[in-house]
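Colleague: Sequence:
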Amino acid sequence: MNLKNYLEVSPEIELALKENKPVVALESTIISHGMPYPQNVETALKVEEIIRENGAIPATMAILNGKLKVGLSKEEIDYLGKKGLKVIKASRRDIPVILAKKEDGATTVASTMILANLAGIKIFATGGIGGVHRGAETTMDISADLEELAMTDVAVVCAGAKSILDLGLTLEYLETKGVPVLGYKTKELPAFYTRESGFNLDAKIDSPEEFAEILKAKWSVGLKGGVVIANPIPEKFAMDYNTIHNAIEEALKEAKENHIKGKESTPFLLAKVKEITKGKSLESNIELVFNNAKLAAEIAKNFVK
1 MNLKNYLEVS PEIELALKEN KPVVALESTI ISHGMPYPQN VETALKVEEI IRENGAIPAT
61 MAILNGKLKV GLSKEEIDYL GKKGLKVIKA SRRDIPVILA KKEDGATTVA STMILANLAG
121 IKIFATGGIG GVHRGAETTM DISADLEELA MTDVAVVCAG AKSILDLGLT LEYLETKGVP
181 VLGYKTKELP AFYTRESGFN LDAKIDSPEE FAEILKAKWS VGLKGGVVIA NPIPEKFAMD
241 YNTIHNAIEE ALKEAKENHI KGKESTPFLL AKVKEITKGK SLESNIELVF NNAKLAAEIA
301 KNFVK
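For the sequence shown, full-length UniProt numbering assigns the number 1 to the initial residue and increments by one for each residue that follows.
No wet-lab data here; the hints were simulated from the structure. Some hints could be false.
Stated by the list, open to error - Lysine to aspartate or glutamate pairs mimicking DMTMM-like chemistry, simulated, CA-CA at most 20 Å apart:
{"id": "1", "residue 1": "Lys305", "residue 2": "Glu14"}
{"id": "2", "residue 1": "Lys301", "residue 2": "Glu209"}
{"id": "3", "residue 1": "Lys177", "residue 2": "Glu209"}
Unchecked claim - Computed Cβ-Cβ distance ranges for the label pairs, DEER-style:
{"id": "4", "residue 1": "Lys83", "residue 2": "Asn258", "range": "34 to 44 Å"}
{"id": "5", "residue 1": "Asn242", "residue 2": "Leu15", "range": "47 to 57 Å"}
{"id": "6", "residue 1": "Thr176", "residue 2": "Asn2", "range": "35 to 45 Å"}
{"id": "7", "residue 1": "Glu254", "residue 2": "Val221", "range": "43 to 53 Å"}
{"id": "8", "residue 1": "Val304", "residue 2": "Leu118", "range": "32 to 42 Å"}
{"id": "9", "residue 1": "Lys187", "residue 2": "Asn242", "range": "37 to 47 Å"}
{"id": "10", "residue 1": "Glu254", "residue 2": "Asn20", "range": "27 to 37 Å"}
We treat Cβ as the ideally placed atom computed from N, Cα and C, and that holds for glycine.
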């Protein structure tokens, strides 16, 4: 079957890629599953605006009516925001079924990387990547994001891995798969809501230009897979380490008691942490996404030079 039967790239993105202009991929799970309407839509449009202000073109991804969409209109973003949790959270394994049934899907980190790669987009901005869940030695609960990073040539700008995860095991997994985990002006892995985690990264990189050079070098010599670009949350929006640690412990305990696992666990834990921190974690989440969008636009500009 022809890929054109399934893939729809917006005219703006198509032209930008043809003319070698910087484009930044964006996911849509943050819209449908990340926060309530209309805040989800406002945040998504603001992220797009930040990317434009910093000289790149945003390409929000989703699956709509069985089509892989690269670059959404405001109306499509609003549709996803209103439909919310009724939209399927779509990772790699879900894509064929959603396409065949002509359903809607919100793209995770893994599926956004797939769509970006199909369209030819190399830089992607998100909040935090998925990873190895706590207790994975018995549950085998490991995010598909890690496997995607091992094989798909897209760089992911994030505030590290979500702090509800086992960060040490997540880094070990990425190392085994040969995925570079690089810090922007830091040698320590940021842990989403906080700037520190106690875990060292592969390298500290001080400029968007240097990141662009590293990506070109990696893919030019045929080293498959992505790169994690860890960008710490801005200091004024970072949360206290102990506050967030205690909130996560409480949320994990509740998830275990309610037998919540698999793809339900991350949205449940993030919602629980938001409740425990009285909404402060959501504010931090939004600000770190804005911060990542800005850095991704800078890297994209340098990458196409």
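Colleague: Give a verdict on every hint.
Modeller: Right, here's what the structure says about each hint:
{"no.": "1", "hint": "Lys305 to Glu14", "result": "holds, 18 Å"}
{"no.": "2", "hint": "Lys301 to Glu209", "result": "holds, 9 Å"}
{"no.": "3", "hint": "Lys177 to Glu209", "result": "violated, 25 Å"}
{"no.": "4", "hint": "Lys83 to Asn258: 34 to 44 Å", "result": "violated, 25 Å"}
{"no.": "5", "hint": "Asn242 to Leu15: 47 to 57 Å", "result": "holds, 49 Å"}
{"no.": "6", "hint": "Thr176 to Asn2: 35 to 45 Å", "result": "holds, 36 Å"}
{"no.": "7", "hint": "Glu254 to Val221: 43 to 53 Å", "result": "holds, 47 Å"}
{"no.": "8", "hint": "Val304 to Leu118: 32 to 42 Å", "result": "violated, 18 Å"}
{"no.": "9", "hint": "Lys187 to Asn242: 37 to 47 Å", "result": "violated, 22 Å"}
{"no.": "10", "hint": "Glu254 to Asn20: 27 to 37 Å", "result": "violated, 49 Å"}
In summary, the numbered hints that this structure violates are 3, 4, 8, 9, 10.
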